[in-house]
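Assemble the whole structure, with the sequences as input and the hints as a guide.
Read off the chains here:
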Amino acid sequence: NAGVTQTPKFRILKIGQSMTLQCTQDMNHNYMYWYRQDPGMGLKLIYYSVGAGITDKGEVPNGYNVSRSTTEDFPLRLELAAPSQTSVYFCASSYVEETQYFGPGTRLLVL
Amino acid sequence: AQSVTQPDIHITVSEGASLELRCNYSYGATPYLFWYVQSPGQGLQLLLKYFSGDTLVQGIKGFEAEFKRSQSSFNLRKPSVHWSDAAEYFCAVAPGGNNDMRFGAGTRLTVKP
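Sequences listed follow chains H and S, in order. Counting from 1, one number per residue, gives the positions in the first sequence under the numbering used here. Counting from 1, one number per residue, gives the positions in the second sequence under the numbering used here.
There is no bait here: all hints are sound.
Using 27 angstroms as the maximum straight-line C-alpha spacing, the simulated DSS-like pairs for lysine-lysine come out as follows: (1) Lys49/S / Lys44/H; (2) Lys57/H / Lys49/S; (3) Lys61/S / Lys44/H; (4) Lys44/H / Lys68/S.
Rather than coming from a laboratory, the hints here were simulated on the basis of the structure.
This is the structure:
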């Protein structure tokens, strides 16, 4: 099993551009999560999903959108990139209330 | 305010010395409690977790943590640190379950030879 994979590893965006961060898991987990990690800070939950077709907001959802059309994939969309969205983004997955498994992260720089 | 506090931003210990990383939380009921480790450029790996039961929890890589309800603490310990333990350590709590995970700011561990 590959676990949780994320693409791209690193991306530079200009202000106002849009992009999608990809996340895929092959563990058949029903729960998936998106976090962001700012320098010197812990992770903050952006969005989560409890199954295909079901998503909900986390602590810091503004400026982001998600969809979950399959069990495996949980893309995160930035529509109008802003410098405040410069961060490292982590995707994670889990069974209902079990351990969360994290991907390697996507480093995003918005200039 | 509800929070997770890791008082030590950076700790340096000598290889072979003991280690204790502190974590305090301020939530009403006892939440699920976790410790994660993050090596440079990597995602987070779970070291151990506490849901209920025995308050001394054993984890991977020789780590353990003790839940103390009276102190709202969940400190991480290791009796003898190895150079490969150098990393960032995050305490996390989930007061509302997995969908409500709150992380501390992290403690960076440096290991001196």
